[in-house]
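K.L.:
Could you use the hints to bring the two separately framed chains together as a complex?
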Amino acid sequence: MRAWKLPALGPAWRWVWLALLLAAGIVLALLIPRPVVGTIYVNTPIEAVSAREVIAQIDEARSNPRVRAVVLVIDSPGGTVADTEAVYLELARLRAAKPVVSTIGTMAASGAYYLAVGSDYIFAMPTSQVGNVGVIGSLPPRPAVLEDVASTGPYKLFGGPRDSFLRQLEAVKAGFIQAVSLGRGARLNLTTEEIARGEIYLGSDALRLGLVDALGGLSPAIAHAARMAHIAHYAVADLRELAGLPAATLVPFFYMAEDGRATAYPLEAGLFLLYVPPAEGRQP
Amino acid sequence: MTRRLTLLGLALLIVPALVRGLWFYQGVYWRGSPVATPEYASFTVPLPPLSTAEAPAARSASPGAHVLIDQSHANNFLAAELEPLVRAVSTHGGQVEFLTANDSESLATRLGAATALVVAAPSAPFMRDEVQRVEAFVGRGGRVLVLTDPTRGSPQYDSYYSDTSTTLDDSSAANTLLAPFEITVADDYLYNLNENEGNFRNVLLTRFAASPLTADLGRVAFYAAHSIASPSGLALISADEHTLSSRTDRGGDLAAAVLAANERVLAVGDLSFLSPPYDHVADNARWISNLASFLLGGEPSRAPTDFPYIFSGPVVVQALGDLDMSTDLITALSSLQSTLDESGLALTMAQSPEASANRIVLATYADKEELAPFVGGFEIGLPGAGGDPLVTGELQLPGWRTLDASAVGLMLVARNAGQTTLTLIGADASAVIELITALATRDFSMCIGQEGIAACATGPADLPSLDFALTNDAVPTLDGALP
Numbered sequence: 001m002r003a004w005k006l007p008a009l010g011p012a013w014r015w016v017w018l019a020l021l022l023a024a025g026i027v028l029a030l031l032i033p034r035p036v037v038g039t040i041y042v043n044t045p046i047e048a049v050s051a052r053e054v055i056a057q058i059d060e061a062r063s064n065p066r067v068r069a070v071v072l073v074i075d076s077p078g079g080t081v082a083d084t085e086a087v088y089l090e091l092a093r094l095r096a097a098k099p100v101v102s103t104i105g106t107m108a109a110s111g112a113y114y115l116a117v118g119s120d121y122i123f124a125m126p127t128s129q130v131g132n133v134g135v136i137g138s139l140p141p142r143p144a145v146l147e148d149v150a151s152t153g154p155y156k157l158f159g160g161p162r163d164s165f166l167r168q169l170e171a172v173k174a175g176f177i178q179a180v181s182l183g184r185g186a187r188l189n190l191t192t193e194e195i196a197r198g199e200i201y202l203g204s205d206a207l208r209l210g211l212v213d214a215l216g217g218l219s220p221a222i223a224h225a226a227r228m229a230h231i232a233h234y235a236v237a238d239l240r241e242l243a244g245l246p247a248a249t250l251v252p253f254f255y256m257a258e259d260g261r262a263t264a265y266p267l268e269a270g271l272f273l274l275y276v277p278p279a280e281g282r283q284p
Numbered sequence: 285m286t287r288r289l290t291l292l293g294l295a296l297l298i299v300p301a302l303v304r305g306l307w308f309y310q311g312v313y314w315r316g317s318p319v320a321t322p323e324y325a326s327f328t329v330p331l332p333p334l335s336t337a338e339a340p341a342a343r344s345a346s347p348g349a350h351v352l353i354d355q356s357h358a359n360n361f362l363a364a365e366l367e368p369l370v371r372a373v374s375t376h377g378g379q380v381e382f383l384t385a386n387d388s389e390s391l392a393t394r395l396g397a398a399t400a401l402v403v404a405a406p407s408a409p410f411m412r413d414e415v416q417r418v419e420a421f422v423g424r425g426g427r428v429l430v431l432t433d434p435t436r437g438s439p440q441y442d443s444y445y446s447d448t449s450t451t452l453d454d455s456s457a458a459n460t461l462l463a464p465f466e467i468t469v470a471d472d473y474l475y476n477l478n479e480n481e482g483n484f485r486n487v488l489l490t491r492f493a494a495s496p497l498t499a500d501l502g503r504v505a506f507y508a509a510h511s512i513a514s515p516s517g518l519a520l521i522s523a524d525e526h527t528l529s530s531r532t533d534r535g536g537d538l539a540a541a542v543l544a545a546n547e548r549v550l551a552v553g554d555l556s557f558l559s560p561p562y563d564h565v566a567d568n569a570r571w572i573s574n575l576a577s578f579l580l581g582g583e584p585s586r587a588p589t590d591f592p593y594i595f596s597g598p599v600v601v602q603a604l605g606d607l608d609m610s611t612d613l614i615t616a617l618s619s620l621q622s623t624l625d626e627s628g629l630a631l632t633m634a635q636s637p638e639a640s641a642n643r644i645v646l647a648t649y650a651d652k653e654e655l656a657p658f659v660g661g662f663e664i665g666l667p668g669a670g671g672d673p674l675v676t677g678e679l680q681l682p683g684w685r686t687l688d689a690s691a692v693g694l695m696l697v698a699r700n701a702g703q704t705t706l707t708l709i710g711a712d713a714s715a716v717i718e719l720i721t722a723l724a725t726r727d728f729s730m731c732i733g734q735e736g737i738a739a740c741a742t743g744p745a746d747l748p749s750l751d752f753a754l755t756n757d758a759v760p761t762l763d764g765a766l767p
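Protein chains in written order, with our numbering: chain P, 1 to 284; chain R, 285 to 767.
Next up, chain R with everything else stripped away, as it sits in the complex (with noise of 0.2 angstroms):
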């Protein structure tokens, strides 16, 4: 009786509590595996693949070269952030000049100057003149480097924190210079996730096509690249499978740099890695001395049209023949050495200057032994030739129909060495006087040519006594090859 009791009595006392604790606790809370968090001390921040080969030297100028930097398209960069570029055309004795919306000249006249043309993150449009000019200067043998990066044609904020935002999409304006080369850069940015420099935007490309401007590369990074297509261009630098496009988020064939238009026209979908740091990552400095290399190989051929920048240096002017100094000769000599002065060219005279001059060459028609050196390349019937076809008085041009040589005077161009020989002929003293003033006004209304020749109106004559000059057979391309 007494242990029932105390039972019962520890009953009352736990059976409650039991209860209760039965009621809220039905079991107890065991984790089995310990709570893993990250290994944050093994996260390192990556570093740059460092090239240990040093950069080539890049091939030596061409007497004469000088690349225009386009910086009259809105173009968003700093001319500090193309240095690595500037620097390594410079040093192998290129020069080197950038073009800005302030300049009083234009791009198509700039041209006329230039052997390469850059143009970098442009965000204003190419007009369909200044297409027109640089398609020529291709087609004459400059070059061309576009340069695009998609961190410059973002939105631009007019203020971090202002929400309003504007459109500098480079790739557009870019396009429109790179249309009539067949040439499309995408609107989008290369990224990988996987495998990258330091950032998914940051790709490494290791796919090159075989050309002089691949030499020796191995592997090459660029900071966020367009990708560029081209139906009739090589694929110069592509990316790999697990490169994709933001655009599509797709891989595959997606090229970041293209060289179009007789590997005259090169395209690349990157800037930044021209830039401190970037330009010493991978194989970077080689790859912008090879691109100093194709800026300093585009070697023009020039038109009179293009004077004075035909011209890179002082100039001699020498007489042929008869060729009186008369007071209106020596007037427009005067003349034209101003207007050579505003570009920073000298005009002296000489007799018989030296064959590696840049020579202006004076004649007549009559001066046809004289002349002979001077015209050879240019495959012309000067009138009353001896054993030629041509009866006195008429001119012959290469695709042209028959002149009248007493009423048209003729400017060639020729480069020989990186030497500039400039070559007037005309009927008489007055007409090579009426040359000499359309080259020192830059007037050549009167005149009609391509390439290396024109022709131009002078003395009785007018224009329209060449109209219709041209046959439809295709003008040659005159290299003007002088002795």
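Only chain P is shown next, with the shape it has when bound in the complex (with noise of 0.2 angstroms):
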């Protein structure tokens, strides 16, 4: 034991030793990872895949010593409302261990920015579009009997009255409405009336009316999300690549007219948090 004492090392042996000892110390400090910013790119309709997918990476986000904060780049119409609240719930659980920025490209529109409001911060570019709060849906036929389908109640086959569907947006509406006013808080400068109304502002208008915090890009959400997380120089990374998630699945999800254009109109029935732009030749 006497031999691993420093006292009895020689001269020579001592720089040696503390050689091995900054040695050790360089190696542990290099132990210590570098941050990363973690990226998600919500850039499709929001539905069962793409929030699959949304979800594995926000995992990956909370699991992942080296993510210490997480950018969420947005750019979406919305899609369907349970994908979306699945999506916003998990980040929900995220934003619980770290923070969450939002940047919004040309669109957070309904349910994108559903989950806008689920992070702490939101960038917009000035002419983006934000907002349009709100569900819409097709209402489901009218109950009939019919001749060659037999099911065993009246809604079996419809899902319920036409009346209770259009109740059912209500309902809806109010998480959606109330998921606002949580994210936004104090910030908001707009009356839950005039949220439901179900406008799309531009970048600079929303930045004015509280549905976002700053006018910027990409750049200054990963900064910002580092300045949350108390972090620098740190790398910025594609939580889709550090999930190990394939490229994009693409998943069809609107419809496809015959002539082969792209309707905006999803392929099929239910309740969503979408929005629709006003089609050529439809009125305003």
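If you are wondering where the hints come from, they were derived from the structure by calculation, not from laboratory data.
None of these values were measured; they are calculated from a predicted model.
Backbone N, C-alpha and C define an ideal beta-carbon position, used for all residues, glycine too.
All clues given are correct.
Residues from chain R shown here face chain P by an in silico Cβ test under 7 angstroms; the list is partial:
hint, residue
1, G293
2, G305
3, Y309
4, Y313
5, G482
Example chain R residues on the side facing chain P (calculated, C-beta under 10 angstroms, incomplete):
hint, residue
6, I298
7, A301
8, V303
9, R304
10, F308
11, L477
12, N486
13, D533
Sample of chain P residues with no beta-carbon within 10 angstroms of chain R, all distances over it, derived:
hint, residue
14, A48
15, T106
16, V145
17, L157
18, V236
19, A243
20, L271
P.N.:
Structural data, given as structure tokens:
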């Protein structure tokens, strides 16, 4: 044991030992990971597949200690209600541990804005389209008895009365509006009634109304996320790659017209937090 | 020395990690408050306010109440959607008929039989002659109910996914009919984001003007409604200041139902409230009942030219005086019977029919005494009447110049207690036959008249003998009450 004590070493060995300690210190230092600001791109309609992939990236961000902050890069018209809510709730879990900042590109409408308010800070471009808070859905068919299809109840085939479907929209809308109120808090300069109008605002207007926090793109969003996480000299990484996900899966979401044009309407009926832009020839 | 070296060694071990750590991490992320998410479980589906009050019975229909529902103007509704209103009308004795675009008879013609007209969600404009006939119908006391609905006037897509649309604006189409009554339906919809009936476009209305139409109403629910304006009409049902128009996003003075034209024309901005389940929300059932009463209350005066629609039931022919039942007369009556039969009306003959029967009375001017009960309400000066200033052979009608009785026959329509009496008077039997023939062929080209009276050229005279027969004096409304 004595041989391991510094005084027992000769002068030369002392320097060698110190150099070894320094090397060990450097190795130890190198074990401290460079922090990462992870980016999650939401640039497709929010549906089952895209939501699952975003949630996988959120899981990666939460479990990966290198990822100290997350930037949500949003450019989406929204999507289905349940998938949007699923991503929103996962974001809430992530925010409990790490800051999340959103940056809006061309559009964060409806469900996409739902996700944006689930972050700590929102950036938008001056001409981004922001808002469109509300729910849409096409009513189910009028209940009828079908000759060739047997069922066990009046709404087994139709899901419910048309009137009930309309009222369900209100319950979904209430959740959306409360999410906006909770997410924006005192920063919001709109009343609940004004939010419920479902308007789309330009980014500059959205800033004035408190729907977003600042104007800017990805870089300031990353910098802000890093500041919130108290990190510096960080790396930026796409969480899709960190999570080991393949390239984005394109899932048909919008109905394709017979002439091959993509319409603004969802392929399937249901409840949507979705912005359907006015089509050519339609009255505003 | 040893201690110093030990500390140096520790420093060499720790400092690099410390430097690197501080290089990257300058603080600890800490969230002050937990992340709040919506209380999803607290959001419930809003339920409609069901009325606890039973809908009062609609007033009983006056005999002959006949409600015509127009479906000839590319109307965007299904007959089933009006079922609660139709049931309320029918239950209380009113007759309901639909006029479709495939019917051989026009709206103008069918109005002759109607006491009330219902127009719902039209998307084709009303032609000028149709508007004039409806205007005359209202002037005679008929009731008109125009139902519009923003959900029926919105862009209609040729195919849901094709993005090609055709605008079918029910407000514009309805306005072509309502313009003479100074009613304008706006191309908008009312909405309320705070207090509504399950959706922002379903508005609850609580402001009612005093009217039998709004009796016992506390709150009605409209399921997307146009706002309606009328400078001269009565804003029957109005929205509160929190209910806004989609056109301006402003509220105040927005009416969803307007009554005009001496309370004979009612325009309502919604149609959906009539359909189940909305017909039993709030006081909608009472409102529908009141609408039925409104429709049943119309008793328009009849013009002879409305034949055969002036009758709503079996008709008895009664000949007065010494009118000879000649072969020609019987032939003419047979033709008349065929015409009535086409309208589902039976024609019989009787010398002394019951007072309550629908009658066609045949007479000549010579039958002054027997005619007296039938012409008493018309203020007519018959030729040669004792004591009057007219000389024999002259005929005086109220507001008309003196006519040559030998060349002019009269058709008089009177309604009493729901029964209609059509009196045909000619100079002689052949003149009466000519009048019957005019009725049977529904050719009134030789007749001139209005309200309940028509003068027709008969015998040797021709139509020019009636030229300028009308004076500038207004012709009084002829009720023609019969004994």
